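Trainee: Sequence lines, in order, name chains A and B. Take the numbering used here: the last position of the first sequence gets the number 405, and nothing is skipped along the way. Take the numbering used here: the last position of the second sequence gets the number 292, and nothing is skipped along the way.
Quick caveat, the hints were computed from the structure, so don't treat them as lab data. Watch out, some of these pointers could steer you wrong.
[Stated by the list, open to error] DSS-like mimics (lysine-lysine), calculated; alpha carbons at most 25 Å apart, straight line:
{"no.": "1", "chain 1": "A", "residue 1": "281", "chain 2": "B", "residue 2": "113"}
{"no.": "2", "chain 1": "A", "residue 1": "312", "chain 2": "B", "residue 2": "113"}
{"no.": "3", "chain 1": "A", "residue 1": "86", "chain 2": "A", "residue 2": "312"}
{"no.": "4", "chain 1": "A", "residue 1": "305", "chain 2": "A", "residue 2": "84"}
{"no.": "5", "chain 1": "A", "residue 1": "104", "chain 2": "A", "residue 2": "84"}
{"no.": "6", "chain 1": "B", "residue 1": "187", "chain 2": "B", "residue 2": "164"}
{"no.": "7", "chain 1": "A", "residue 1": "311", "chain 2": "B", "residue 2": "113"}
{"no.": "8", "chain 1": "A", "residue 1": "214", "chain 2": "A", "residue 2": "181"}
{"no.": "9", "chain 1": "A", "residue 1": "230", "chain 2": "B", "residue 2": "140"}
{"no.": "10", "chain 1": "A", "residue 1": "387", "chain 2": "A", "residue 2": "177"}
{"no.": "11", "chain 1": "A", "residue 1": "261", "chain 2": "B", "residue 2": "140"}
{"no.": "12", "chain 1": "A", "residue 1": "207", "chain 2": "A", "residue 2": "177"}
{"no.": "13", "chain 1": "A", "residue 1": "98", "chain 2": "B", "residue 2": "113"}
{"no.": "14", "chain 1": "A", "residue 1": "154", "chain 2": "A", "residue 2": "104"}
{"no.": "15", "chain 1": "A", "residue 1": "181", "chain 2": "A", "residue 2": "387"}
{"no.": "16", "chain 1": "A", "residue 1": "194", "chain 2": "A", "residue 2": "230"}
{"no.": "17", "chain 1": "A", "residue 1": "351", "chain 2": "A", "residue 2": "135"}
{"no.": "18", "chain 1": "A", "residue 1": "207", "chain 2": "A", "residue 2": "194"}
{"no.": "19", "chain 1": "B", "residue 1": "140", "chain 2": "A", "residue 2": "281"}
{"no.": "20", "chain 1": "A", "residue 1": "281", "chain 2": "A", "residue 2": "387"}
{"no.": "21", "chain 1": "A", "residue 1": "177", "chain 2": "A", "residue 2": "210"}
[Stated by the list, open to error] Here's a subset of chain B near chain A, in silico, CB distances under 10 Å, partners left out:
{"no.": "22", "residue": "127"}
{"no.": "23", "residue": "138"}
{"no.": "24", "residue": "214"}
{"no.": "25", "residue": "219"}
Only a predicted model underlies this, so the values are computations on that prediction, with no experimental measurement involved. Where is the CB? At the ideal position from N, CA and C, for every residue including glycine.
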Amino acid sequence: MVKKSLFFTSGFFFLTIWLMVSMASAQTVRGVTDTEVLIGQWGPQTGPAAPWGAVARGTDLLVRIINEEGGIHGRKFKYFLRDDSYMPAKTKAIAKEFVEQIGVFAVVGGVGVACGMTARDYLMENKVPWCGPVTGVYEWITPIQKYLFAIYPLYDDEAFNLTGYLYEKLGYKKIAMFYQNDDYGKQGVMGVERYLLKKNIKLVEKVSAEVTDRDLSTHALKLKNSGAEAVIMWTMPTHAALILAETAKIGYKPQWATSNTLSDSALMMQITKGLWAGMINSFFGELPDSKHPLMVKYREWHKKLAPQERWGVFYYAGIIFAEPFFEGVRRAGRNLTPETWVKAMETLKNWQGIGPPITYGPPKTPMDRQGGKHVFYGKVRADGSVERLTDWIQITK
Amino acid sequence: MLAQLILSGLAVGACYALLALAMVIIYKTSEVLNFAQGEMAMVSTFVAFTILETYHIPFQWAILLTFLFAILLGIFFEVVFLRQAKDPTVLGLIIITLGFEMMLMGFAGWKWGPDQRSFPFPVSNIETYNIYGLIISKINFWTIIVSLTLMFILFLFFRYTKLGTAMRATQQNPLAARVMGIRTKRILSFTWALSSLIGAVAGMLVAALGVLDPPMMMDPLLKGFAAGVLGGMTSLPGTAIGGAMLGMIENLFGGYVSLAFKSVVAFAIIVLMLCIKPSGLLAKHYVKKV
Numbered sequence: 009m010v011k012k013s014l015f016f017t018s019g020f021f022f023l024t025i026w027l028m029v030s031m032a033s034a035q036t037v038r039g040v041t042d043t044e045v046l047i048g049q050w051g052p053q054t055g056p057a058a059p060w061g062a063v064a065r066g067t068d069l070l071v072r073i074i075n076e077e078g079g080i081h082g083r084k085f086k087y088f089l090r091d092d093s094y095m096p097a098k099t100k101a102i103a104k105e106f107v108e109q110i111g112v113f114a115v116v117g118g119v120g121v122a123c124g125m126t127a128r129d130y131l132m133e134n135k136v137p138w139c140g141p142v143t144g145v146y147e148w149i150t151p152i153q154k155y156l157f158a159i160y161p162l163y164d165d166e167a168f169n170l171t172g173y174l175y176e177k178l179g180y181k182k183i184a185m186f187y188q189n190d191d192y193g194k195q196g197v198m199g200v201e202r203y204l205l206k207k208n209i210k211l212v213e214k215v216s217a218e219v220t221d222r223d224l225s226t227h228a229l230k231l232k233n234s235g236a237e238a239v240i241m242w243t244m245p246t247h248a249a250l251i252l253a254e255t256a257k258i259g260y261k262p263q264w265a266t267s268n269t270l271s272d273s274a275l276m277m278q279i280t281k282g283l284w285a286g287m288i289n290s291f292f293g294e295l296p297d298s299k300h301p302l303m304v305k306y307r308e309w310h311k312k313l314a315p316q317e318r319w320g321v322f323y324y325a326g327i328i329f330a331e332p333f334f335e336g337v338r339r340a341g342r343n344l345t346p347e348t349w350v351k352a353m354e355t356l357k358n359w360q361g362i363g364p365p366i367t368y369g370p371p372k373t374p375m376d377r378q379g380g381k382h383v384f385y386g387k388v389r390a391d392g393s394v395e396r397l398t399d400w401i402q403i404t405k
Numbered sequence: 003m004l005a006q007l008i009l010s011g012l013a014v015g016a017c018y019a020l021l022a023l024a025m026v027i028i029y030k031t032s033e034v035l036n037f038a039q040g041e042m043a044m045v046s047t048f049v050a051f052t053i054l055e056t057y058h059i060p061f062q063w064a065i066l067l068t069f070l071f072a073i074l075l076g077i078f079f080e081v082v083f084l085r086q087a088k089d090p091t092v093l094g095l096i097i098i099t100l101g102f103e104m105m106l107m108g109f110a111g112w113k114w115g116p117d118q119r120s121f122p123f124p125v126s127n128i129e130t131y132n133i134y135g136l137i138i139s140k141i142n143f144w145t146i147i148v149s150l151t152l153m154f155i156l157f158l159f160f161r162y163t164k165l166g167t168a169m170r171a172t173q174q175n176p177l178a179a180r181v182m183g184i185r186t187k188r189i190l191s192f193t194w195a196l197s198s199l200i201g202a203v204a205g206m207l208v209a210a211l212g213v214l215d216p217p218m219m220m221d222p223l224l225k226g227f228a229a230g231v232l233g234g235m236t237s238l239p240g241t242a243i244g245g246a247m248l249g250m251i252e253n254l255f256g257g258y259v260s261l262a263f264k265s266v267v268a269f270a271i272i273v274l275m276l277c278i279k280p281s282g283l284l285a286k287h288y289v290k291k292v
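Here chain A stands alone, though its shape is the one from the complex:
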């Protein structure tokens, strides 16, 4: 009787140990199981920056498309979207939730410089792959972080080249700048001033707006009094609409030019009541009505899976920032770990989805983490469509 009891007890003990060991070996990589990969993204779904939150919902569409097509290497993707309201304190809490509670394999996208900066070091310390923060600032690539792969073209380089386009191609010599008073706007100013310094001239005026400002009449007067022929703006959509209205009121009509952050022409035409026409925009992705095969495919899936969403640039930018991540997962093979994913990402050379060509690694540096180095320019027509002015231009050398 005692022997029998001992036999069953030891059998149960070994069975338990065996189960624990086999479960542990199957779950050694955080957020990856035999059948699933968990990924997360934060994005403002409420608050002043909420229009940019469409990016995170666009990523959701790509995740659903990939799952509908059977996943990658036998695994489907589970996507966690959290609203941080563009508030860095919330972003940090979300990053902790992703790692400590949900246990995601990777973070994809994520709007906001300040928001992302509160999470960057934490994610890197925990070896969480992060692909495509939704801002084009140096903070993602300086210093280089092994698990962080930037896609968004750098604002500094974008502004530098846009200024060059206005100055050299279009012949505007008196250029002013209207920008948002934060890292996003300031890196735009940095690029513009860098270019003008090279030409030995100065900005004729530099006017900033705070995120919460709603009265821009003074800003408009300052721009008008500067006598600038062209004004480059680096702001959020609300400020772009407000400054165009205020300058129109006082009869000031310079050539406007702006970053790809305001490249949702349909939205901008609507909120500016048509004043957006004539805007020179840089773009980091195909145009909404592009006949690119991937765009055609995504538009069809969008009609099936998310018809309630507007097919605008902000929305499908969520696809642009996620495409390289999934390509990395494909190239990593069945053995998906942060290390294999990083190695796979480093093999991307001029790889292109619907965004800019993506290249990491040599020849520039052994560890180049700035993937997107190209934009193209377009001019907004009176009907809101865009006339493409250039092909892809390499802005980051």
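For this one, chain A is given, so just place chain B on it according to the hints.
Mentor: Chain B in isolation, oriented as in the chain A frame:
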């Protein structure tokens, strides 16, 4: 440039004054600062937008329906939330307004989404009047006119009507007002309805001047509060003057000193006024006997 800055400041100040007015009406009656004022105005403006865009009915009818909605919203808030508070302190009621503000913000985000919209307004925000060389946009001009008219009507209402007097009496001593036969609960409901209505006017003007989106009233509400503190939280003329002064000071500061600190001026004014003359420029310091 000086005259242009002053004129633009007056137009913006008119919006601040309207919002301050809506807050002052509540404050005069119940001593409650309504932090939901901005979001109540925003939701009313979205209702106007929906009526105009979905049903395509004439603007004047859409406005009347919106006013009706705003009145009902004010009464709803007072009856369903504030009146139910058990042994309410002023602080408790203020916290309730904060909660309602968040509820309305969440509701607007869910119902209308985060995208900015262009509010269809019959007056152009680009076309201008030229008054002796000074350029003022039509929307700014009519904002000033509408604000001044509303303020004048309210001034007459509080000064010369029984209802206005009853509202003032309710604020100064609710118990005595009840003893004198004033139905203070009804007065409170009416006050919230009136405040919500004025807020709706301000909301539509703010949306017409810029864009319509859920957070559109965050900045104007804070500025309206500053205008109220500057002019006096119990004085209607003070509110008008406070709004106009704040708009002009902000613009002049932005134009001649620093644009980066333009927004901060309003809050510096709040701090200064609370230190120097807490009752504001035109209000009398009212001390309750205990």
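Trainee: Now tell me if each hint is right for this structure.
Mentor: Each hint tested on the structure:
At roughly 23 Å between alpha-carbon atoms, residue 281 (chain A) and residue 113 (chain B) fall within 25 Å of each other, so this suggested pair holds. With a C-alpha separation of about 22 Å, the suggested pairing of residue 312 (chain A) with residue 113 (chain B) holds against the 25 Å cut-off. At roughly 19 Å between alpha-carbon atoms, residue 86 (chain A) and residue 312 (chain A) fall within 25 Å of each other, so this suggested pair holds. For the hint linking residue 305 (chain A) to residue 84 (chain A), the alpha-carbon distance of about 20 Å falls within 25 Å, and the restraint holds.
Distance restraint check for residue 104 (chain A) and residue 84 (chain A): the Cα-Cα separation of roughly 23 Å lies within the 25 Å cut-off, and the hinted pair is therefore satisfied. Taking the CA atoms of residue 187 (chain B) and residue 164 (chain B), the gap is near 16 Å; set against the 25 Å cutoff, the hint holds. Proximity of residue 311 (chain A) to residue 113 (chain B) is assessed by CA-CA distance (about 21 Å); at most 25 Å being required, the pair is judged to hold. A distance of roughly 15 Å separates the Cα atoms of residue 214 (chain A) and residue 181 (chain A); the hinted pair therefore holds under the 25 Å criterion.
Between the alpha carbons of residue 230 (chain A) and residue 140 (chain B) the distance comes to roughly 21 Å, so the proposed pair stays at or under 25 Å and holds. Proximity of residue 387 (chain A) to residue 177 (chain A) is assessed by CA-CA distance (about 14 Å); at most 25 Å being required, the pair is judged to hold. Pair hint residue 261 (chain A) plus residue 140 (chain B) holds up; C-alpha atoms about 18 Å apart against a cutoff of 25 Å. Between the alpha carbons of residue 207 (chain A) and residue 177 (chain A) the distance comes to roughly 14 Å, so the proposed pair stays at or under 25 Å and holds.
In summary, the hint linking residue 98 (chain A) to residue 113 (chain B) is supported, as the alpha carbons are separated by about 23 Å, within the 25 Å threshold. Restraint check for residue 154 (chain A) and residue 104 (chain A): the C-alpha separation of about 19 Å stays at or below 25 Å, so the hint holds. A C-alpha spacing of about 19 Å is found between residue 181 (chain A) and residue 387 (chain A), which places the hinted pair at or below 25 Å, so the restraint holds. Our distance criterion of 25 Å between C-alpha atoms is met by residue 194 (chain A) and residue 230 (chain A), whose separation comes to about 18 Å.
The hinted pair formed by residue 351 (chain A) and residue 135 (chain A) meets the criterion: a straight-line CA distance of about 14 Å does not exceed 25 Å. Restraint check for residue 207 (chain A) and residue 194 (chain A): the C-alpha separation of about 20 Å stays at or below 25 Å, so the hint holds. Of the pairs offered as hints, the one joining residue 140 (chain B) and residue 281 (chain A) holds, with about 16 Å between alpha carbons and a cut-off of 25 Å not exceeded. For the given pair, residue 281 (chain A) sits about 17 Å from residue 387 (chain A) by alpha-carbon distance, which is consistent with the 25 Å threshold.
Taking the CA atoms of residue 177 (chain A) and residue 210 (chain A), the gap is near 18 Å; set against the 25 Å cutoff, the hint holds. The interface hint given for residue 127 (chain B) holds, since its Cβ lies 5 Å from the closest Cβ of chain A, which is under the 10 Å cut-off. Against a cut-off of 10 Å between C-beta atoms, the interface hint on residue 138 (chain B) holds, since the closest Cβ of chain A lies about 8 Å away. A cut of 10 Å between beta carbons decides the hint on residue 214 (chain B): the least distance to chain A is about 9 Å, and the hint holds.
Because the closest C-beta pair between residue 219 (chain B) and chain A is about 9 Å apart, less than 10 Å, the hint holds.
The structure is consistent with each of the numbered hints, conforming to all of them.
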